[in-house]
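Listed here are the chains, written in short residue letters.
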Amino acid sequence: MSDPLIIPAPDGAPDRQQPPVSSASEPFWEATRTCSLVIQWCRSCERAIHFPREACPSCLGTDLEFRPAAGTGTVFACSEMPAPGNPGMKGRAPYVVVLVDLPEGVRMLSSVVRSDGAEGAAEVAVGDSVRVAWEPLADGRHLPVFVRG
Amino acid sequence: MVDRTMRGAAAIVGVADAVSPTGELEGSVRALEVQVIREALADAGLTIADVDGLFSCTGPGWAASLELAEYLGIAPRWTDSTQTGGSSFEIHVQHAAAAISLGLCDVAVVVYAATPRSSFKRGTGGFGSRQALPGPTPSAEWEQPYAMRMPMGAYALAASRHMHEFGTTAEQLAQIAVDTRTWATMNPRARLQDPITIEDVLASPMQASPLHKLDCCLVTDGAGAVVLTSAERARTLRKPPALVLGTGTCHTHAMISEMPDLTTTGAAVSGPLAFAEAGLTPADIDVAQIYDSFTITVLLLLEDLGFCPKGEGGAFVADGVLAPGGALPSNTSGGGLAYTHPGMFGIFLLVEAVRQLRGECGPRQVEGAEVALAHGSGGVLSAMSTIILGTEATA
Chain A
1 MSDPLIIPAP DGAPDRQQPP VSSASEPFWE ATRTCSLVIQ WCRSCERAIH FPREACPSCL
61 GTDLEFRPAA GTGTVFACSE MPAPGNPGMK GRAPYVVVLV DLPEGVRMLS SVVRSDGAEG
121 AAEVAVGDSV RVAWEPLADG RHLPVFVRG
Chain B
1001 MVDRTMRGAA AIVGVADAVS PTGELEGSVR ALEVQVIREA LADAGLTIAD VDGLFSCTGP
1061 GWAASLELAE YLGIAPRWTD STQTGGSSFE IHVQHAAAAI SLGLCDVAVV VYAATPRSSF
1121 KRGTGGFGSR QALPGPTPSA EWEQPYAMRM PMGAYALAAS RHMHEFGTTA EQLAQIAVDT
1181 RTWATMNPRA RLQDPITIED VLASPMQASP LHKLDCCLVT DGAGAVVLTS AERARTLRKP
1241 PALVLGTGTC HTHAMISEMP DLTTTGAAVS GPLAFAEAGL TPADIDVAQI YDSFTITVLL
1301 LLEDLGFCPK GEGGAFVADG VLAPGGALPS NTSGGGLAYT HPGMFGIFLL VEAVRQLRGE
1361 CGPRQVEGAE VALAHGSGGV LSAMSTIILG TEATA
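Protein sequence lines, in the order shown, are assigned to chains A and B.
Going by our numbering, the first sequence opens with residue 1, and the numbers climb by one from there.
Going by our numbering, the second sequence opens with residue 1001, and the numbers climb by one from there.
There's no promise every hint is true.
Stated by the list, open to error - Result set (SDA-like, lysine to any residue): computed pairs, CA atoms no more than 20 Å apart in a straight line:
1) 1310(B) with 1320(B)
2) 90(A) with 1140(B)
3) 1213(B) with 86(A)
4) 90(A) with 1205(B)
5) 1121(B) with 87(A)
6) 1239(B) with 1365(B)
7) 90(A) with 1206(B)
8) 1213(B) with 1194(B)
9) 1213(B) with 94(A)
10) 90(A) with 1151(B)
Claimed, not checked - In silico contact screen, one side only, chain A against chain B (beta carbon under 7 Å); selected entries:
11) 19
12) 20
13) 109
14) 143
Claimed, not checked - Derived contacts from chain B toward chain A, CB cut-off under 7 Å, selection only:
15) 1138
16) 1140
17) 1141
18) 1143
19) 1145
20) 1146
21) 1147
22) 1149
23) 1164
24) 1206
25) 1208
26) 1257
Calculated directly from the structure, the hints in this document are not laboratory data.
We treat Cβ as the ideally placed atom computed from N, Cα and C, and that holds for glycine.
Can you build the whole structure from these sequences, using the hints too?
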């Protein structure tokens, strides 16, 4: 497995809005400390679940576990934000928000970012292949984002 | 098996709204609520003493209908605080029609008021200054860190998907804004009354690609109310009734990332339910009020409600079908894009639909309108509710 791709926030950018941790999602966020993407699965249905829940939204079962994800995905929809969506994004616009389909069978909202450190939004289109990258968060967790390729 | 027991059992008998071309209204939210309730009851020839069903989904406290009833000094025997965003009021009409048809209440009031524009200017809240919700909501955890501009970003994702799957163009979306604005030129109460072109829409600033500023609804103050009662009692009142012929509701998600399919909404369920109950088809609709939070909202809903096949919405709207003189006159008030949009537009869809059926719309009146559709969309394409109304001739 290759080293995780870590993409820090731009110099001087304020902290993003920090994601809170719900009880069901603690393993997800703990795994991000080592840049590992894990996805919740229902062992009864053998189906992946995202966002993590206290019970499977297919069977309401609670026999759930987290498994490593491939870390790849396909862009299902995308939109470029020409201005910040909240004050924490000052200095970051324009940026791209996407829905990414993971091969595990779940969809997540995320962002496709540039991997070359250059200014401007990433070039991305519906159908593009992407892989996970990580933006460090203030508390040692990482936020999963994606890069093309 | 289609249940027809509710068809035509209840009617909207009074309507009122408060809007201003300035986008701002005087008075508190409670004052505006009371004003439109009073006016809607007067429109019907009823008084607050007749009201025994109350529907309200916003308020300062924890129990909207409870607190409003206390404020109004009434003791309703039917109460409903269902909150699904902009479609709340279509759902309220459905619930009211059900309750009235079962005899569980006789006169129902559905009301809404909000002043996001003037509140923001006063620095007392309003649009863009929402307090964070307490506790880790799924949205705070899984969407907000990515700072999608809301709500337009969510709709932009749907638009990007529709363009990718069906080749829909920005020009086709813009046509919806152009046609809606044409209606607004005939409404002296509309916030925006100057005509626009497709080029104007495409030249307006990008808000969240592919949606431009003129693809997006207004932010204004506004208030509205509708009054319902039984069809039998409706026939004794001041104005011709707008009979509730069909209703349908379906919600599919709360967050856009949980929407099952970005190009098909719950209107694909709510619409057929409403048409089946009414015994009608899309071809029977004389005038449509279709929630226009964004141009893409209208496009998706036209397809899901059955006015055109899935994926063909772009071509369907391209020749001005929604405009004055078009085959499907839509959003005749000027809609959320040009008339008013205080955050939840659904009540205004109902008010305009009723006014069209009564022939009260002056220069923008659709001649001979007998059947009207009002379709509300709440959240981020989340909660759909379809109401089909008809004149006495359709009973």
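Item to complete: List in ascending order the numbers of the hints, as given earlier, that are violated by the structure.
Response: Those not satisfied: there are none.
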